[in-house]
Amino acid sequence: MFKNSFVSDIVEGMAYLHHSPLKSHGNLKSSNCLVDSRWMIKITGHGMKSFQSDPQKDTSEYEIYRDMLWTAPELLRLGRRVQLWHHSTRDHSSFFTFLHRIIANEKLNEEVHRLASNCWAEQPGDRRNFEDIKRQRRKLNRGRQRNIVDTMISKLEKTSELIEEKKKTDTLLYRMLPRTVAENLKTGKSLEAELYDSATIYFSDIVGFTALSSESSPMEVVQLLNDLYTMFDSIIAKYDVYKVETIGDAYMVASGLPVRNGERHAREVACMALDLLHAISEFKVHNKPEYRMKLRIGLHTGPCAAGVVGQTMPRYCLFGDTVNTASRMESTGEALKIHISHQTKDALAIFPGFLMKCRGEISVKGKGNITTY
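Residue numbers (our numbering): 225 to 597.
Honestly, the hints are just simulated from the structure, not real lab data.
Among these hints, one or two may not hold up.
With a straight-line Cα cutoff of 27 angstroms, these simulated BS3-like cross-link-like pairs (lysine-lysine) come out [said to hold, decoys possible]:
| no. | residue 1 | residue 2 |
| --- | --- | --- |
| 1 | LYS410 | LYS390 |
| 2 | LYS518 | LYS561 |
| 3 | LYS382 | LYS392 |
| 4 | LYS247 | LYS358 |
| 5 | LYS589 | LYS569 |
| 6 | LYS462 | LYS561 |
From just these sequences and the hints, can you work out the full model?
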């Protein structure tokens, strides 16, 4: 990229000089090509032919032979140094020397090789002028004329845009999967199910949702759930919990996984449930402002397994009896109350401030009679 930009800058500069009253440079060489702060080549040393050819100038033997490197072969044969500065043909062969230094050891396509060889043609009339070289370079560059800084700025802008898009994609991915799981998924690591010794699961359901849905249009139901879950999402963001999924009017949250948090998971879920219960009492249904929403909540604490299921649309799912029991706590609970198992009650006992009342024994499918609170 740098080399290509430097060559283009020299071609542009020489084409300008050859169309100016100077007509030629006459002393083009690497020491007369300076790089500015924008990484652009600035051509210097032109317009001083009488000064450059001053016979009184003290020139070392090394400098004489070094300058011959940039001189056209037909001018070398003249053997008279004073005449070299009056020939524009020297510029083409000097450009070839410059081009050779820049692209040496590079793999060149046929067009670039032909362009370089033409600048070193034996007969001056066979060499392309710089306007032709500029057009050929533009063709090889597919019309791009930006210098290295412009190109770098453009690439940085594209990189910045890609970073912003990546952030959006990551944000969406982190909403679908836990952050730790999503990071492993992005890096190609295996996603094996993991067993958690203790976690607290939350289930909630809208009481009377079926009847409310039958009295509302599909779009009104969608708006209702969107408004409700947007409120729920903003509340749970304040707690160390993970939203597992929503199915219809059912809302499932867990704490203690995928990131373990010691014994705090029961307290986090309990505080969140109280916060949601308070918020639902103030929630207004858009199409039925007078309707009072009622939430039924169930909590259970215990071991469970969690992992990603599927590849096309991967989902982070929880498995085990703890999930089933938490669901039973919700389905057998009462409206506007938080129904918890004795395991959750014991987990909350170490934290002050929670008031729990024994409900007595209830029949739970697959478990018989259990004491709940």
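These are the hints, each one checked on the structure:
1. LYS410 to LYS390: Holds. LYS410 to LYS390 sits at ~12 angstroms (cutoff 27 angstroms).
2. LYS518 to LYS561: holds (9 angstroms)
3. LYS382 to LYS392: Holds, at about 15 angstroms.
4. LYS247 to LYS358: holds (17 angstroms)
5. LYS589 to LYS569: holds (20 angstroms)
6. LYS462 to LYS561: Within the cut-off at roughly 21 angstroms; holds.
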